[in-house]
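So the sequences go chain by chain: F and C.
Residues in the first sequence are numbered consecutively from 1, following UniProt numbering.
Residues in the second sequence are numbered consecutively from 1, following UniProt numbering.
It is possible that part of the hints are untrue.
Any copy, or any two copies together, can satisfy a pair, since identical chains are not distinguished.
What the hints assert, rightly or not - Straight-line Cα separation of at most 16 Å, EDC-like style, residue types lysine to aspartate or glutamate; simulated pairs:
{"#": "1", "residue 1": "K364", "residue 2": "D233"}
{"#": "2", "residue 1": "K130", "residue 2": "E360"}
{"#": "3", "residue 1": "K400", "residue 2": "D373"}
{"#": "4", "residue 1": "K162", "residue 2": "E195"}
{"#": "5", "residue 1": "K463", "residue 2": "D177"}
{"#": "6", "residue 1": "K342", "residue 2": "E397"}
{"#": "7", "residue 1": "K217", "residue 2": "E538"}
{"#": "8", "residue 1": "K58", "residue 2": "E295"}
{"#": "9", "residue 1": "K58", "residue 2": "E314"}
{"#": "10", "residue 1": "K410", "residue 2": "E634"}
{"#": "11", "residue 1": "K342", "residue 2": "D492"}
{"#": "12", "residue 1": "K410", "residue 2": "E538"}
{"#": "13", "residue 1": "K653", "residue 2": "D179"}
{"#": "14", "residue 1": "K400", "residue 2": "E378"}
{"#": "15", "residue 1": "K410", "residue 2": "E169"}
{"#": "16", "residue 1": "K217", "residue 2": "D590"}
{"#": "17", "residue 1": "K365", "residue 2": "D187"}
{"#": "18", "residue 1": "K131", "residue 2": "E600"}
{"#": "19", "residue 1": "K537", "residue 2": "D329"}
{"#": "20", "residue 1": "K365", "residue 2": "E127"}
Source of the hints: derived by calculation from the structure; they are not laboratory data.
Given the structure is predicted, the values throughout are model-derived calculations rather than measurements.
Protein chains: 2
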Amino acid sequence: MSSPVYPTSGALPAQSQHQDHGLAATQAPRIAIEAVTPSLDQGRFATKAIVNETVVVKATIFADGHDVLAAAICWHDDEGQQQRAPMSQIEPLGLDVWEGSFTPLRVGRHGFIIEAWWDVYATYHYELAKKHQAGVPIGLELEEGRQLVEQTAERSEGALYKSLADLLEQFRLAQNDADRVALLLDDITTRLMHEADTRPHLTRSDALYPLEVERLKARFASWYELFPRSETDDPNRHGTFKDVHRRLPLIRDMGFDVLYFPPIHPVGRAYRKGPNNSLEAGPNDPGSPYAIGSEEGGHEAIHPELGTREDFRELVRVAADHGLEIALDFAIQCSPDHPWLKEHPGWFSWRPDGSIRYAENPPKKYQDIVNVDFYAEEAIPSLWSELRNVVQGWVDEGVKIFRVDNPHTKPLPFWEWLIADIRQRDPDVIFLAEAFTRPAMMLRLGKLGFTQSYTYFTWRHTKAALTEYFTQLNESPLRDGYRPNFFVNTPDINPYFLQSSGRAGFLIRAALATMGSGLWGMYSGFELCEGAPVPGKEEYLDSEKYQIRLRDYSAPGNIIYEIAQLNRIRRENPALHSHLGLTFHAVHNDRLLLFAKRTELSDEAILVAVNLDPFEPQEGAFELPMALFELPDEAALHVEDLMSGRQWTWHGKWQSMRLDPSVMPFAIWRLRPVH
Amino acid sequence: MSSPVYPTSGALPAQSQHQDHGLAATQAPRIAIEAVTPSLDQGRFATKAIVNETVVVKATIFADGHDVLAAAICWHDDEGQQQRAPMSQIEPLGLDVWEGSFTPLRVGRHGFIIEAWWDVYATYHYELAKKHQAGVPIGLELEEGRQLVEQTAERSEGALYKSLADLLEQFRLAQNDADRVALLLDDITTRLMHEADTRPHLTRSDALYPLEVERLKARFASWYELFPRSETDDPNRHGTFKDVHRRLPLIRDMGFDVLYFPPIHPVGRAYRKGPNNSLEAGPNDPGSPYAIGSEEGGHEAIHPELGTREDFRELVRVAADHGLEIALDFAIQCSPDHPWLKEHPGWFSWRPDGSIRYAENPPKKYQDIVNVDFYAEEAIPSLWSELRNVVQGWVDEGVKIFRVDNPHTKPLPFWEWLIADIRQRDPDVIFLAEAFTRPAMMLRLGKLGFTQSYTYFTWRHTKAALTEYFTQLNESPLRDGYRPNFFVNTPDINPYFLQSSGRAGFLIRAALATMGSGLWGMYSGFELCEGAPVPGKEEYLDSEKYQIRLRDYSAPGNIIYEIAQLNRIRRENPALHSHLGLTFHAVHNDRLLLFAKRTELSDEAILVAVNLDPFEPQEGAFELPMALFELPDEAALHVEDLMSGRQWTWHGKWQSMRLDPSVMPFAIWRLRPVH
């Protein structure tokens, strides 16, 4: 016999080199909990959820050996109250994926962790059943079961103790092994043993996964944008808040529920821009509302020509009576006349000649706008808290929705703090990020707390581009951290496509926006198919940013009826209350786009077909989404055309369509299996 | 003028509700650092690297606004010595991805973080150059530049101060603005300003990303497995370590560099298995070497019939002289005769009748094997440290490679601790996980520290299955945490494919394994095309696990020459030293598989074609990987057939091949652009 290597071997390293006898390792978590969803950056940021809607949580959970595990979601709401929801392993079992769910009932910050532990009795139950079925002797196994129950009874109290003691007594009195097996495998026994479980090897997920729970309008809303100053019947008279009242029924009847105004604050005079962004403004030119601040006040004030604070409050009230929530613009920039320049010169950057640094993109200069310097010595933290106070002030006026101008040019930690700070007091507040920038930043703003965001939708026109973009929005990480608000146009964006598409193009974009996302937005004029550009640019001619514009909302060729129909269809179909749950389906024509929307809870689906060509009819064979209903190819589907109300049945998976843009460039069908 | 909402508004929340004025937020990291690679679970586990090979690090880095950023990798080796490597933004710039690299020069645990900061002078440089080009007045900009340099000089010392002071003097003496611009844009100025940079808004990645740096054999090695007891010329005489000597030149000449033995410890007598896993062993049956432990010792001891400890030491030495490194088996299981059962009964599970719990998979029982209970009260931590001491003991004998039996049935934290503990003293030690289990566990073992792993390769035979599997291995997270060792067979696995494929099948599998991964392994008999099974099972008939087997290694039909060629080709071509860098290419025949291997540093690629059908010749058109060389479709490639040594030129992307399994079912071509 050879001598053992250890401990006699001379080559053994000095004892001091391995003083770690593994004690800490024996206490380390035994179970692996991986790939938790929903999550963003392993719990660093909150994922997005809607109050009263189920959150489905998944994780990969496993451990050494073959013992049975148990797992649960442990979640809390914004008051810290903890609850548990069970998880169970889903098919295919080989992937070790577990799933559970819970439903947050309050708006505000929530969080969850995952717990997993050794399910001792389930393991015993499994093995006893298997051996019993195999017909091998199980006397020893029965005694082990009895001891398990006995030990559990010993550490239990009250009703549980009594039930377990009863069970042991029944076991003692049992006539034969078959009765004993039946007792130990019984559902009641299993339930009692679980109730008394000490959860050995309890392991918690490495991270706590936060969840921002918001009201439904965070994900489902229809925005209408207008300049209150244009709500006048005389181009020489500045429109007022009072003038907006008469538009409210029309906007409501089109189906909108958010009414958004560009900045309503005093407009600066210095370097004021004239019509079409000209450098010289006439004495009656109103200037850009984004040049914020004058002798009459700054971000906290109202432009006097719009009316009084009381006028604003009344408008908020009356709009609410019409089902319209007012959204304001939060644009952190100042005209050179802003009071802050005098009161807080240390909040700005000054140049060696004593002039202030204004916005520029060489060689372009934007002298009507100066930016604050968030990290100037005197700005920390007084500028930060003042900006928070500005927002809080408007929240206190009843404004719960803010469209934030260019958030990507302000510090990321500023937004994370400001949004959390405001929402901590009023979790109903919604922030829309107006960021048209690079993809990583777009998502990051959502992670930091922005409820929703402007998107690249405006520049996606082809079947390939739309398919790729809608798909990305439905996948992680975007699906967890970014809610798209599909604006079909804005005062800054007169899309090239619409400049030449005619009325059909406006219908195409309206259909894509309203059906593609739960959130869409429209800037006034779209319903009149306005599209005259500054030649060669994506700008509107005679842009409302620099002048008052009157419109005739009953002008012929308008699409007000169609927009009202689209918004009605959205309201009536929960599958359209989100950009998620979207799948693309085959259609044999590159100008035809076909996608379905479906919620997990419904046995219906909405199928949307759009002819992307505003000029020519397009036709093609297409595939009904039988797989969504787990139906065979030859099944039948009941169809309702939601624009016309007509109903019929489609038999078989392959059908064909023709969409004529001169009539209606899209179709919206509600599908239901025929029973 | 309306009154400001704040601070006069009555609706303002009590001051106590927003006492947070944002001071903490102003100190928070300003720059976003996301999507760092290589990483596993956001730094929780170490990714895998090889000493002296470049580690490429990527991250998405961005911040608010348009200022220029700078970033660096800050890395350290296992002695904690820190170094920096610069990062730069890569195309397309819109994705904000930055890249840098470093080369670890030591084996052992390394780590890195990413740092990013505001590059003030680069921002100034960019804007000055842009305005200068645009021809706008820049007097003010020049003065700002002078002040930047001046302020930097004021906080500098020594040579740096002197250089900056010289620069200021040159600036003062400059005759005109053109000279001043040239001075400020000069490379030397930029370098000096960077050197003196205070790195404002310095942000560090949230996590430290550990990296396990191993020797090349961790990723590139050819394993040969044999049972030393079979190295005898007489079936009635137990082979010994001394007998193994005569095989060393043959194994070396086949091109192997790791020689792996199943357990070499005393074999238990109780419930010893006879031939073909029969329950009754005859008096001369050697038993399974996996039934470890007898009166003669346990895991630290050597089976007396194999020889003495000195014999083992000599074999390790002589094998090393042949370029062969000995790998041992670490199987944590005991025969009922193992000394631990008497010395440490508390390390095992005992049943109510006083019997020990043995391994079973109902209704199957494995009475020759009992398992330790890692979490038994008396096992914590003495069992854990004893197991560590066993491994350390063999490390001290010069064994640096361990094949670990069934690690997935032992606690995960045990492995994480044991491997780190052993490698902390000797980072050259390599652990191969013999886990054939579910995918999440396979990867987790790699994350926990296993150098390499057995794989599903053995069961992947079709073009679709091989393509999917090799692709997965090349993608995250597997590429970062899991190194596959493609064993073509093992004593436990006589693959169904080889049972009926004939010699061609063995060549097919050898080609796939040797070309597919840097790591491959073979259990003796494969080179003789042995494949006789226990009927209907994936087991060898007369398995060497239960009996001594003699072989004639010069038997006709062997593939020793071909294996030697394959191993030679592997050695000579760095692209074959890894499973990474593999891409599939089109070939118009579902029985033909075509893939290329390439290292980033080389202008050559290895193209491997395999006929997966061992019976019929297959032919088809195939696509040369012109894209790998960034060549147009009509380019020419120089080709060397690495099995035959023949050379020629292929003109144009589409070629055709025919592979006859009765001659050679695969081809290996080295491709090089024709210059």
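Numbered hints the structure breaks, given as an ascending list | Checked against the structure, the hints that fail are numbers 1, 3, 5, 6, 7, 8, 9, 10, 11, 12, 13, 14, 15, 16, 17, 18 and 19, while the rest are satisfied.
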